[in-house]
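I would like the entire structure built from these sequences, with the hints used as guidance.
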Amino acid sequence: MSGCSPQEAAVRSGSTAATAGRGKPERSGEQRGRENREAQQQSSLPGQNRGATGWDVNISMSVKAFELVPAVEREQLMGEKVRIGIECIECCGQHLYVGTNDCFIHHFLLEERSTKGRLTYSSQKLLQKFLGLKKPVAELKAASALERLIILCDGTVSLVDMVTLEPVPFGGAKVKNVIAFCVNENPVTADPFCVEMAVVSARRRAVQIFTVHEDRVQMLKEVTTPEQPCALSVDGYFLCLALPTQYMILNYSSGASQDLFPYDSEERKPIVKRIGREEFLLAAPGGLGMFANAEGISQRAPVSWSESVIGAAVCFPYVVALDEGFVTVHSMLDQQLKQTLSFREGHILQNFEGKVVVSSTKAVYVLVPLPLEQQIQDLLAGHRVEEALTLAEGAQRNIPKDKFQILHKRILQQAGFIQFGQLQFSEAKEHFRKGQLDVRELISLYPLLLPASSSFTRCHPPLHEFADLYHLAQGDQEKVQRCKRFLISYLREVRSSESTNGFREDVDTALLKLYAESGHDSLLDLLASNNACLLADSAPWLEKHHRYFALGLLYHYNSQDALALQLWVRVVNGDLQDSTRADLFEYVVDFLSYCSNLDLVWKYAEWALQRDQKIGVQIFTKRPVSKEQTAQLNPDEVVKYLEKHHQALVLYLEHLVLENKVQKEKYHTQLAVLYADRVLGLLTRPAATEEQLCSARRKLQHLLRESDLYRVQLLLGKLQDSELLLTERATLHGKLEEHDKALNILVHQLKNCRAAEDYCTWASQDQDQAYRQRLFHQLLSVYLDPDVPGGTQTVEAVDLLNRYSDIFDSAQVLELVPEAWSLTLLRPFLCGALRASVHARRTAQVALALAQAENMQLQHDRLKYRGGPVFMSEKRGCQLCHNTFREPDFVCLPGGTPVHTHCATQRLRDSPTKRSQLDHGHTCNHT
Amino acid sequence: MKKPDVKVAILGDMNVGKTSLLHRYTERKFKDTISTVGGAFYLKQWGPYNISIWDTAGREQFHGLGSMYCRGAAAIMLIYDVTNWQSYVELENRFLSLTDTANADCIFVIVGNKADLTDSQAHVPEAQSEPGAEPGTESEPEASPTCLPPPASPLLLHRQVNREDAMALYGRVLRYKGLEENACLPADRTCFETSAKTGYNVDGLFETVFDMVLPSILKKKSDGENSTVDLEIPRTDKKSKAGCCS
Ligand SMILES: Nc1nc2c(ncn2[C@@H]2O[C@H](COP(=O)(O)OP(=O)(O)O)[C@@H](O)[C@H]2O)c(=O)[nH]1
Ligand SMILES: [Mg+2]
Numbered sequence: 001m002s003g004c005s006p007q008e009a010a011v012r013s014g015s016t017a018a019t020a021g022r023g024k025p026e027r028s029g030e031q032r033g034r035e036n037r038e039a040q041q042q043s044s045l046p047g048q049n050r051g052a053t054g055w056d057v058n059i060s061m062s063v064k065a066f067e068l069v070p071a072v073e074r075e076q077l078m079g080e081k082v083r084i085g086i087e088c089i090e091c092c093g094q095h096l097y098v099g100t101n102d103c104f105i106h107h108f109l110l111e112e113r114s115t116k117g118r119l120t121y122s123s124q125k126l127l128q129k130f131l132g133l134k135k136p137v138a139e140l141k142a143a144s145a146l147e148r149l150i151i152l153c154d155g156t157v158s159l160v161d162m163v164t165l166e167p168v169p170f171g172g173a174k175v176k177n178v179i180a181f182c183v184n185e186n187p188v189t190a191d192p193f194c195v196e197m198a199v200v201s202a203r204r205r206a207v208q209i210f211t212v213h214e215d216r217v218q219m220l221k222e223v224t225t226p227e228q229p230c231a232l233s234v235d236g237y238f239l240c241l242a243l244p245t246q247y248m249i250l251n252y253s254s255g256a257s258q259d260l261f262p263y264d265s266e267e268r269k270p271i272v273k274r275i276g277r278e279e280f281l282l283a284a285p286g287g288l289g290m291f292a293n294a295e296g297i298s299q300r301a302p303v304s305w306s307e308s309v310i311g312a313a314v315c316f317p318y319v320v321a322l323d324e325g326f327v328t329v330h331s332m333l334d335q336q337l338k339q340t341l342s343f344r345e346g347h348i349l350q351n352f353e354g355k356v357v358v359s360s361t362k363a364v365y366v367l368v369p370l371p372l373e374q375q376i377q378d379l380l381a382g383h384r385v386e387e388a389l390t391l392a393e394g395a396q397r398n399i400p401k402d403k404f405q406i407l408h409k410r411i412l413q414q415a416g417f418i419q420f421g422q423l424q425f426s427e428a429k430e431h432f433r434k435g436q437l438d439v440r441e442l443i444s445l446y447p448l449l450l451p452a453s454s455s456f457t458r459c460h461p462p463l464h465e466f467a468d469l470y471h472l473a474q475g476d477q478e479k480v481q482r483c484k485r486f487l488i489s490y491l492r493e494v495r496s497s498e499s500t501n502g503f504r505e506d507v508d509t510a511l512l513k514l515y516a517e518s519g520h521d522s523l524l525d526l527l528a529s530n531n532a533c534l535l536a537d538s539a540p541w542l543e544k545h546h547r548y549f550a551l552g553l554l555y556h557y558n559s560q561d562a563l564a565l566q567l568w569v570r571v572v573n574g575d576l577q578d579s580t581r582a583d584l585f586e587y588v589v590d591f592l593s594y595c596s597n598l599d600l601v602w603k604y605a606e607w608a609l610q611r612d613q614k615i616g617v618q619i620f621t622k623r624p625v626s627k628e629q630t631a632q633l634n635p636d637e638v639v640k641y642l643e644k645h646h647q648a649l650v651l652y653l654e655h656l657v658l659e660n661k662v663q664k665e666k667y668h669t670q671l672a673v674l675y676a677d678r679v680l681g682l683l684t685r686p687a688a689t690e691e692q693l694c695s696a697r698r699k700l701q702h703l704l705r706e707s708d709l710y711r712v713q714l715l716l717g718k719l720q721d722s723e724l725l726l727t728e729r730a731t732l733h734g735k736l737e738e739h740d741k742a743l744n745i746l747v748h749q750l751k752n753c754r755a756a757e758d759y760c761t762w763a764s765q766d767q768d769q770a771y772r773q774r775l776f777h778q779l780l781s782v783y784l785d786p787d788v789p790g791g792t793q794t795v796e797a798v799d800l801l802n803r804y805s806d807i808f809d810s811a812q813v814l815e816l817v818p819e820a821w822s823l824t825l826l827r828p829f830l831c832g833a834l835r836a837s838v839h840a841r842r843t844a845q846v847a848l849a850l851a852q853a854e855n856m857q858l859q860h861d862r863l864k865y866r867g868g869p870v871f872m873s874e875k876r877g878c879q880l881c882h883n884t885f886r887e888p889d890f891v892c893l894p895g896g897t898p899v900h901t902h903c904a905t906q907r908l909r910d911s912p913t914k915r916s917q918l919d920h921g922h923t924c925n926h927t
Numbered sequence: 001m002k003k004p005d006v007k008v009a010i011l012g013d014m015n016v017g018k019t020s021l022l023h024r025y026t027e028r029k030f031k032d033t034i035s036t037v038g039g040a041f042y043l044k045q046w047g048p049y050n051i052s053i054w055d056t057a058g059r060e061q062f063h064g065l066g067s068m069y070c071r072g073a074a075a076i077m078l079i080y081d082v083t084n085w086q087s088y089v090e091l092e093n094r095f096l097s098l099t100d101t102a103n104a105d106c107i108f109v110i111v112g113n114k115a116d117l118t119d120s121q122a123h124v125p126e127a128q129s130e131p132g133a134e135p136g137t138e139s140e141p142e143a144s145p146t147c148l149p150p151p152a153s154p155l156l157l158h159r160q161v162n163r164e165d166a167m168a169l170y171g172r173v174l175r176y177k178g179l180e181e182n183a184c185l186p187a188d189r190t191c192f193e194t195s196a197k198t199g200y201n202v203d204g205l206f207e208t209v210f211d212m213v214l215p216s217i218l219k220k221k222s223d224g225e226n227s228t229v230d231l232e233i234p235r236t237d238k239k240s241k242a243g244c245c246s
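Those protein sequence lines, which keep their order, are chains A and B.
For the first sequence, the UniProt record's numbering gives the first residue as 1, with consecutive numbering after it.
For the second sequence, the UniProt record's numbering gives the first residue as 1, with consecutive numbering after it.
If you are wondering where the hints come from, they were derived from the structure by calculation, not from laboratory data.
Computed from a prediction, not measured in an experiment: that's the story for all the values here.
Mixed in with the good hints there might be a few duds.
Said to hold, decoys possible - Pulled from the structure, derived: some chain B residues nowhere near chain A, Cβ distances all over 12 angstroms:
1. 7
2. 55
3. 158
As the list claims (entries may be wrong) - Looking from chain A toward chain B, a few residues come up when the C-beta cut is under 10 angstroms (computed):
4. 260
5. 263
6. 285
7. 286
8. 296
9. 298
10. 303
For glycine and all other residues, C-beta sits at the position ideal for the given N, C-alpha and C.
Here it is as structure tokens:
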């Protein structure tokens, strides 16, 4: 072997770092040395030597994209003859043709076998044929439709039969002095039994286009080129040529050309390969593999080969190249070197209809691509997520759509798990989302989160290498916590995005468990909202984490209020510890007030009332009015029940009477009696403060005044003896319309004129003016009554008159007033009375005048409408029936037209819309 | 593979920071680059369009490929290193002629990179609008031992190329192309100073260029539409003409 020192080889087999090394010549020797060692280690991986062939075929690289499989071995070709070597190869289906330097063509049948998932080839020599010259066979190309093999040997193109290898005489042009030829794989002629061929001749600066038929070769066209081409490729009308100093594209139909880039073909053998429609792969300076399309534009980034590259081919998505020591595999997707296979004395590398064949001068190999899925799995196994995805996505168009989707999803999911394992959560999430991961795959990583009843089993083959979270975290608690936080956020998103279809139970239960375990506040939100948490699985978990309040919510959500209450009551009582809610008691009361199960309400009411009557009674008072009869509490029952709980009873009755305004004598009386008892009680208790008493009396007074339903006599009986509760007694008398008694109490016993006046106002508030007047006169007469101890209360009487001057009947008052009173004393009253009287008179006068004016106006209108007299005679005809009038009665239509009475009636009946008009017309007698 | 709608090429001597600029823009990071082999490209989604950005190799060895990369380009970024006068000179000497294959209406921008080495103001990246910009990447340690000065008190180098030089070069580029100066974008809009290291003005540069090539995309699209005859849709324009005459 030549040219490739072990050092170079080692550098090249590294990954990108080694590639970089080539670009930076200033690297130190030490660095190089290190790379060498690494590379050597890599290249001595076990089990990859194919010693049998005698070739040191070594696979060392990041991806195993291809495998070198021997096809034709040395012995089959040349036996012991050492000087014989392979010159060219053609492979067409199962037929492999090898041209040698001793002018032989060997024909092999190449059979593909798959043993244990590995592809092997066995070749069987069918024929060998000597072409009769002492020149090597330069090129071979099969034209299978014609069953011909096109041969280039000694500068001449000839045809042989594909099967017999016998020469076929052909007419037409002789094709001589040929340097190179190539067949157009995208021919412009539509004839299937004809092959297009572009030929470079040694004698002319031109390319000639021929068509090859079964027995005839014809020249179609000749295009001149600026220089003598040395290699070429063709696609449609486009020739891609390697000239001595540059590459160019030439359209042989239009003659248009496009320079590509300079290249010194003296220095390096040029490479021109058609790789697809109007796209070529070229060897560029600096060992680059450049892509160029027919317009001369590069649409893919170049790949970096070595300077000594001999052959190249595209096997999507890879570019495979051969140099003196290696077969290199670059990805077209990311330009990266993916695999290097050691291959000495390489000579030919060519793609035959998707089959990449490599050969040395002595033996032939097939470069078998590994299944895409396996390549991807290898990449994933090396945690090379991006590359795996690029590879999969790049291969999209080569795979059926549905198959691709399944594959792609799976890779995305695997990628997600790899990133998850590296705690790259946002990337992982994105891949899970794109890969539509069954969220349970992720949940199942966390021990115990999936409900026991879940039917889930992990996908097979597994999407990741982790047994569970603890395996993943390797005992690092911090990691575990971060993973848990991630799962919480992920599940929350999943819940809100509706992608949980079908397994909401699993998701919600897992989320509940995570929340419970971490003391997350959202636990309560989860349970309070619509959820699918499984009771059987969640309850023990919540219990384990002492989340009793939450557990109660869960019971409630599952309609097991009895259990919920039982639990909460134990927490309130301190039997269980859960500090979630400091106001749990209030919560339970509130819960009971809404609880529709009345048995439960009654069951826990006693407990609540014993704990706190004031709060406990809210069970009854806060109860919403529901339409369901079954959920309604009967107030009578409640009242009866509350008898033992005095405070609660008062609150409940207040709720009924004052808030709900229940109009039931029983409640009103009971409340009034309770109030009265309380007041009386306070009166007898010396320790009672003024404030307590006042507040108690205010309540009592208020009720007595405002309610009309309680039994007055009963209360009067209760309060009769109290000398202190005068206001209350007056009110009660007032309710009985015993105003004199009431006023007497107020004026003479209570001696509170203000109260007396207020009483009058209150007692007459829903009555008419006269009633009120009577009441005030009554008060006045009480003041003026000389027959009471203390005699007439002049000052109060005067004040009353002056203040309420407009209520009193002045005339009556003047009669009552004692003679002795001075005028000034009553001045405000008299002024008021006088002014009121004058005002009344004047108002009446104005009203009278207005009424008269209106009357006048109406009279005027009436006269105007009546108009002049209507003359009537027997000759006159009715407008409606056109008969004459026989009777003196008629009706005038608006406008004064007389018609018969019966005609008018008729018309009125026929057209109801006209009714109003007719009404305005007025009946009158003939004058 | 998505087909690019328009092409932008980055030219300049080796080591001026072409790869770093593209990397900073696309990955929002500054890391040690390896010398670009041959060329590389990146596809950027800009609104509804795909823009291919070609990073070229500045090395002499790959020089011949430059005109391939420029073929059909709608914009070309000429990059120099503000601390290196030679890199500026090379733009005119070696790279300008490569642009002959670019579109006739190609837009040119002149970019002085490594501004962080001469200006402390270029140490603060302009408001990184992208939320994806990860914190901490700014301070990514440089493997190269040449970057010793701590960011707190940077040792500033003397700049060798001024903005005026860049604007003058722009004028000469237009003259080389035979373009009327007042028919083109003004020099103050096409000359940039950036730092791939700190991110200074990098987004600004690329986004400005993308906006500048939008008309070119639209033109290409409408040209493309006109050149395709759609047999399904009747030629309405003809019809309407006939209707008008009859
Ligand atoms: N200080 C500084 N160094 C830079 C900047 N841009 C690139 N470099 C460095 O310059 C060197 C060459 O960068 P590179 O991107 O490979 O240049 P290219 O050959 O033009 O692609 C690298 O060592 C970078 O770290 C910059 O803005 N500031
Ligand atoms: Mg670079």
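Results for each hint:
1. 7: Per Cβ check, residue 7 of chain B is inside 12 angstroms of chain A; nearest 8 angstroms; violated.
2. 55: Residue 55 of chain B is in fact no farther than 12 angstroms from some Cβ atom of chain A, at 9 angstroms.
3. 158: Its Cβ never comes within 12 angstroms of chain A, the nearest being 25 angstroms, so this holds.
4. 260: Since the shortest Cβ distance to chain B is 6 angstroms, the answer is holds.
5. 263: holds (7 angstroms)
6. 285: holds (6 angstroms)
7. 286: holds (4 angstroms)
8. 296: holds (6 angstroms)
9. 298: OK, holds: residue 298 of chain A within 10 angstroms of chain B, min 5 angstroms.
10. 303: holds (8 angstroms)
Hint compliance for this structure: hints 1 and 2 are not met, and every other hint is.
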